[in-house]
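Please arrange chain B on chain A, whose structure you already have, making use of the hints.
Here the protein sequences line up with chains A and B, keeping their order.
Going by our numbering, the first sequence opens with residue 11, and the numbers climb by one from there.
Going by our numbering, the second sequence opens with residue 2, and the numbers climb by one from there.
Hints listed in this document are in silico derivations from the structure and should not be mistaken for laboratory results.
In this text, all values refer to a predicted model and were calculated from it rather than measured experimentally.
Warning: the hint list may mix true and false statements.
Claimed, not checked - Subject to a maximum C-alpha distance of 25 angstroms in a straight line, what follows is the list of computed DSS-like cross-link-like pairs (lysine-lysine): (1) A:Lys134 <-> A:Lys95; (2) A:Lys95 <-> B:Lys45; (3) A:Lys51 <-> A:Lys71; (4) A:Lys201 <-> B:Lys88; (5) A:Lys66 <-> B:Lys65.
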Amino acid sequence: MIQINGIKFSKDQIQKLALSALGFVALIYVYFTYFLGPLNKSRASMESSISDLQTKLSTSKSEMTKASNLQKEAATATTRFAAMKNLSPEGAPIAWFPPRMKLFFANHQIDKATARLDGSAPYKEAELSEWMRYTWMIDLPQTDFITAAGTIADLENTEPLLTISKITLKAGTDDPQFQQVTIAANTAIMKR
Amino acid sequence: MALQLNLLHEQIAEQRQRQRDPLKLGVMALSAVGALMLLFYMFKAYQTLGVKNRLSSVQHDWAKVEPNVTAAQKQSKELTAIINTTKVLDTMIDNRFYWAPFLQKISRCVAPNAQLMGIDGGVSDDNKQVTVTIQGLAAGREPRAAAEELRQLLSEQLADSYRDVKVEFKTLEDLDTIINVAGANMAVARYSLGITFNPSAAKASPTPAPTRPSKR
Numbered sequence: 011m012i013q014i015n016g017i018k019f020s021k022d023q024i025q026k027l028a029l030s031a032l033g034f035v036a037l038i039y040v041y042f043t044y045f046l047g048p049l050n051k052s053r054a055s056m057e058s059s060i061s062d063l064q065t066k067l068s069t070s071k072s073e074m075t076k077a078s079n080l081q082k083e084a085a086t087a088t089t090r091f092a093a094m095k096n097l098s099p100e101g102a103p104i105a106w107f108p109p110r111m112k113l114f115f116a117n118h119q120i121d122k123a124t125a126r127l128d129g130s131a132p133y134k135e136a137e138l139s140e141w142m143r144y145t146w147m148i149d150l151p152q153t154d155f156i157t158a159a160g161t162i163a164d165l166e167n168t169e170p171l172l173t174i175s176k177i178t179l180k181a182g183t184d185d186p187q188f189q190q191v192t193i194a195a196n197t198a199i200m201k202r
Numbered sequence: 002m003a004l005q006l007n008l009l010h011e012q013i014a015e016q017r018q019r020q021r022d023p024l025k026l027g028v029m030a031l032s033a034v035g036a037l038m039l040l041f042y043m044f045k046a047y048q049t050l051g052v053k054n055r056l057s058s059v060q061h062d063w064a065k066v067e068p069n070v071t072a073a074q075k076q077s078k079e080l081t082a083i084i085n086t087t088k089v090l091d092t093m094i095d096n097r098f099y100w101a102p103f104l105q106k107i108s109r110c111v112a113p114n115a116q117l118m119g120i121d122g123g124v125s126d127d128n129k130q131v132t133v134t135i136q137g138l139a140a141g142r143e144p145r146a147a148a149e150e151l152r153q154l155l156s157e158q159l160a161d162s163y164r165d166v167k168v169e170f171k172t173l174e175d176l177d178t179i180i181n182v183a184g185a186n187m188a189v190a191r192y193s194l195g196i197t198f199n200p201s202a203a204k205a206s207p208t209p210a211p212t213r214p215s216k217r
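Excised from the complex, chain A in its bound form:
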């Protein structure tokens, strides 16, 4: 017989007490591990999903309003962008740019104009990832200063994406009335 707090317990009773305590611990463990724990976890996950979705729902209205406002604001930019995009026809630039230049100068009474590709490179700006920079050498072997200058003015006004980086005018060796003009021009052309 063992006496605990004045109560006498037999060996058999102590064993039964220990068994009961063990059963209680097992019950608590099973309850929290396999029942209440997963239930709470699942509820917490659902509440988190609800919170996410509610945030998305509340921001969705502002997103749609923003898109609608942006569409109104971007009307000018979109039109302008479309116009710039239209300056780059389909196909390889080397196929259409030299004939376009030849025609342009021919329309300004400058014959024998030739344009050759000098190089191309992508732009550094992230916004221009869809655009390429082409460098062209345009030769006008027989023109005069005034006509050339007027034509260059027209070229700069009608080709907004063309930048003349170098220009050379020389008096003709055979006929001093005429000048030879060489233009190095960069154009921004959209990748197709």
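Just chain B now, with coordinates in the frame of chain A:
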């Protein structure tokens, strides 16, 4: 004193023993706790069911809105890209150096006795510096003075439109040749002018404030 004999002593002791059987008490306590736990679990499960219903309702709402939101987001992204690209292209266009006005200025500066033989110009990649070399012949009684006149005129004219204008002679040499200009024989000098300037517009000269006519 009467003597009392408990003949059922063993039976009573056995009954007491049975009543305070720890296993039986433990099983009863476990059952009670188990029942409480079950009740609590059911309460929690009911709550979870409510949350699940709420989630499915919110999911349903989101499913209705999601295609529109995704389309709006995609459109916003595309429009923002277009706006940014247009901005960069516009900046490129605005920052271009226009050669035609420059050539026009040169043509206005060249006097009949100062012939141009060649112009060679270039603009830096950042469009902040233009470098031009002009070669030509100047004729006159004092051909060097004629060349200097051209240099000064160029300097004045270019300073009206550009900043940091420098027009300097690279070479200026007299030639032995005598040429005839408008019936007069003149000496000739060959010059080479180096021009540098910043193509951004020159600072506007301050305009004088309009004076109010005094009342008499």
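To see whether the hints hold, each was checked on the structure:
1. A:Lys134 <-> A:Lys95: Since the Cα atoms of Lys134 of chain A and Lys95 of chain A sit roughly 19 angstroms apart, the hinted pair holds (cutoff 25 angstroms).
2. A:Lys95 <-> B:Lys45: violated, 62 angstroms
3. A:Lys51 <-> A:Lys71: Violated, because 31 angstroms separates the two Cα atoms, which is more than 25 angstroms.
4. A:Lys201 <-> B:Lys88: Satisfied, since the Cα-Cα distance of roughly 18 angstroms is no more than 25 angstroms.
5. A:Lys66 <-> B:Lys65: holds, 12 angstroms
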